[in-house]
Amino acid sequence: MNTKLVIVGLNIVVISALVAVYGAVTGDVELLGLSLSTSLIGLTMLVYGTSHGEVGPEFLTTYLKTLVESTTLVLETLDLLDGYACGVVGLGENTLVVFSKTTTACNQATSPGLGFVGASPYYAIPVSALPDVQSTEGLDSKVVEDALSHVLVSELGVCRSVKVSLAGNIVEVFIAGIPEIVREYTKYPPDPITILTVASLAKITKRSVLLIERISIPGGARLVLRLA
Amino acid sequence: MRGYIELFILVYTALASMITATIFLLGESRIDAYIALNILTYYMCYAVVRPGIRRGLIIKMYNVLLLVVMGVIISLRLYEVLIP
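Keeping their order, the protein sequence lines are chains A and B. Be aware that the first sequence starts at 1, since it is given in our numbering, and climbs by one per residue. Be aware that the second sequence starts at 1, since it is given in our numbering, and climbs by one per residue.
Hints are computed from structural coordinates only; laboratory data are not their basis. Some clues are possibly wrong.
DSSO-like cross-link-like pairs, simulated, lysine-lysine; straight-line CA separation at most 27 angstroms [claimed, not checked]:
id: 1; chain 1: A; residue 1: Lys-4; chain 2: B; residue 2: Lys-60
id: 2; chain 1: A; residue 1: Lys-142; chain 2: A; residue 2: Lys-65
id: 3; chain 1: B; residue 1: Lys-60; chain 2: A; residue 2: Lys-163
Nothing here was measured: the structure is a model prediction, and the numbers come from that model.
From just these sequences and the hints, can you work out the full model?
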């Protein structure tokens, strides 16, 4: 709940209701129309204030920055900054996002954290907090788009719209309207948008997803991914 | 400005206030005109700003409610025109 918006909306509704009563009593229809219109503005604020939740955003921002920076340091130490990122559906409902120099880690990394496939290291981030999503067996761009949109727009509110196009095993995801507060973190290698998209796509398709390319576009991002 | 919801509220409030004040100063006496134009402004701002909504069941219901009100107003006006 956005308390400020609720208080302002409630005030506008109460005052305009009083003015509306006055207008109705005196027979001033213009004043009645004006007050009813104003009460609609107040009602809109009230509705948006009650449904829009903000839980300690400053704290979460600081916490996110700390985690992103520390993860970046780990990737830097492992020399994985220019490596691959892929999503793997792990054991149970967990999804892993794996950073590695080789693509073979996508198929072999099954445990979260730091590990090795042969001589090359990988760093796997478990993403267990994804919202429930309808997984699909067949590949249909509309179904994948709807499922991805449900996770990223409706549940997580991390962007305004998602477009998906499929060509064989190549998936192109256009993400638009990333809020400024999130955009700040997209410059780091463990970019939250990439991690969530890759993990969600892996969970939706129940297949390993390899990130081939990530291009920043104004206010959003374009991800090119390959399904295993 | 934190997000798109605040931006939407700002744009909608500014536009709706301006339109309401204008038709009030023009001496409009039909109450439904005030409400219909306000709802129209709401949908216009909604379409342009597209506020991202998290679990927005209340907002969806509110949108439907406004659409129904708008529909009733337009239907009554059409009825008046077609069957005077």
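Can you list which hints this structure breaks, lowest number first? 2
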